[in-house]
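Enquirer: One-letter residues, chain by chain:
2 protein chains.
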Amino acid sequence: MKTYILTFLFLLFLFSSKAQEDRKDLIIIKEQGTFAVGGSIKKSEGIFDPIEHGAFNPTNQSTQGQTLHGDHASVLYQIPAEPRKLPLLFWHGYGQSMRTWQTTPDGREGFQSIFLRKGFSIYLLDQPRRGLAGQSLEPRMLEARTEDQLWFGIFRMGEGTKFYPNIQFSKDPEALNQFFRQSTPDTGPLDINLNMDAVANLFDKVGDGVLVTHSHSGGQGWGTVLKTNNIKGIVAYEPGSNFIFPETQVPDAIPYVGGILRARGVPMKEFEKLTKIPIVIYYGDYIPEEEVKNPGQEQWRAALLMARKWTKAVNDAGGDVTLVVLPEKGIKGNTHFPMSDLNNKEIAQLMYDWLKEKGLN
Amino acid sequence: MKTYILTFLFLLFLFSSKAQEDRKDLIIIKEQGTFAVGGSIKKSEGIFDPIEHGAFNPTNQSTQGQTLHGDHASVLYQIPAEPRKLPLLFWHGYGQSMRTWQTTPDGREGFQSIFLRKGFSIYLLDQPRRGLAGQSLEPRMLEARTEDQLWFGIFRMGEGTKFYPNIQFSKDPEALNQFFRQSTPDTGPLDINLNMDAVANLFDKVGDGVLVTHSHSGGQGWGTVLKTNNIKGIVAYEPGSNFIFPETQVPDAIPYVGGILRARGVPMKEFEKLTKIPIVIYYGDYIPEEEVKNPGQEQWRAALLMARKWTKAVNDAGGDVTLVVLPEKGIKGNTHFPMSDLNNKEIAQLMYDWLKEKGLN
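Sequence order for the protein chains is H and V.
Add 1053 to a position in the first sequence, counting from 1, and you land on the number used in my numbering.
Add 1053 to a position in the second sequence, counting from 1, and you land on the number used in my numbering.
Quick caveat, the hints were computed from the structure, so don't treat them as lab data.
The model shown is predicted, which means the values in this text are computed figures rather than measured ones.
Keep in mind that the hints are not guaranteed to be accurate.
[Claimed, not checked] Quick list of the computed label-pair ranges, beta carbon to beta carbon:
#1 H:Arg1170 - V:Lys1215: 44 to 52 Å
#2 H:Asp1257 - V:Tyr1217: 31 to 39 Å
#3 H:Ile1313 - V:Glu1323: 39 to 47 Å
Beta carbons are placed, not taken as given, at the ideal position from N, Cα and C, and that holds for glycine.
Take the sequences, apply the hints, and build the full model.
Expert: This is the structure we're talking about:
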């Protein structure tokens, strides 16, 4: 009799183990959702009368006495079953949205799901006046300008319509189609103070966490550290502008073909906040060290040069910044979007290893 | 010895059962992601020279020879571990986005997570020129007009700033703050043909499924049935306009305080497609049967009247439309957003029961 029970229980146990094994491919979520954070309210003079002014008329609507809620960030979050201590907060770059961190253009998992599977709580944001946070308190004309090829160049996919050789981007035309359709315009004037305030508000709400930035949010990320004490580390992919230096040590602006890159100065006491947390910066491939004719590359030559100066300035003041130029580590072919390139799992592993090294995992 | 093994295995079994019990509160995802669908590409005359035109200049940028990808829908999907056969595709209303179906204004789970827990695959879309699908191929001026109170009225929350009595909406000011911040503007001219094409494309990609609409997408939903064979049922919350009748039976337009509601005619052969699938329509509370002075309510008096005519027309032609006015079933206090009102679990259960009754679960 005991043998029967034994066998029965053993089979049950095997079955349970099998069920758990199957679950390895699954994403187990404890909680997920969305919310708005930050922003403000504008109000028009006068008194709103719901009878007099309550009919919808898109061309002739009285706004008197009414309010408008806007300039908030919009956030999507997922908390896994057994989350690690520090969540990751992902902030997109210029012309982009939370889509940067979701499915890759060629249809694979992005950092959202990759890091969720590694046990991190994930917060993805659309900054104020972008994507799902579209309600701006300031007007803006959207011009629908044709500029795919401009961005193809600036995002270092290649020149014109021709990819760089050995690029970590799928040659399936649908991948490029999906990539272009990730872009979404500013629905109000771009205002980095508004953005930084909203992200600082998000950290105040979420608590301690690690900020992951991309491109235009890189410099805004440094600025946000000055506005909240909850940022415990930063991973910055290809920061492009708004580097912050002590006001007595602001380096000369860096001219490049197509523009000029200026740094910003703040009091040393403010700057020192950047020395208190570990920071890692990654740049991809196709960034020249010397001046070239192609403005799409030039912008990043200037950014990388500034990032080197910035790394030295923060570390000289006692900070902990690691600057990684991926091709110097033998990782080649990355565009301006390493987080969604073909080798994004390798890029994610690098980030994970750094988080682990710094005790942020 | 055997007793020890027995005890050990029994404890392991209990532990596994406990682990499975804990998982009941969890959302188990097999796959999740995002993609763009539909849309087109516009192109400017001339030739793009990456050296000449490749520098970013927001005020003076040549667009010659460049393309712009736009007018697509943007989709977020989640597939549970053991999905039911038919996925649910959720389409927001006017001025709204996929946020309609996510977390409620008072912070509870919306239909996305509620139906995911019930085992349905979920697709949430932002229609072309809205939210994460912000790239329009046509220009548009965004005016940032103060109109919170206008929508407070049209969405039947109340009049001016005063809630209707017994409303199914939290009185916590943060709930109303979150509600207003769900709105996001059209980033191009509203074009229902563009929208319907994108959603038909989505069904062609996903295959058979059930369409869930809200407000302005209601009538567009009827129109989308004419463009794809993959819609196997429709759940429509408060459809407001674009009701489709046989061209020989188009009812008179319905005037109301603040506007006039017209119906649209199509050939009987087209109309008959609407008779081939089960459809349920839900309306909430505070909709008068007789004319009142408040335009915010009047619009829905007209919509409900038209929906009654439409239900009769489809059913007379052999269709299967059920029209549910929630307060007539004793479910009171619902706004224009039953899916995120305080009783949204009850509303979801009604929808689930209907899906089950029609064999769509």
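Enquirer: Confirm or reject each hint.
Expert: Hints, verified against the model:
1. Taking 44 to 52 Å as the suggested C-beta distance range, the pair Arg1170 of chain H and Lys1215 of chain V conforms, at roughly 48 Å.
2. Remark: the range hint 31 to 39 Å for Asp1257 of chain H to Tyr1217 of chain V is upheld by a beta-carbon distance near 34 Å.
3. Checked against the hint of 39 to 47 Å, the C-beta distance between Ile1313 of chain H and Glu1323 of chain V comes to roughly 60 Å, which is inconsistent with it.
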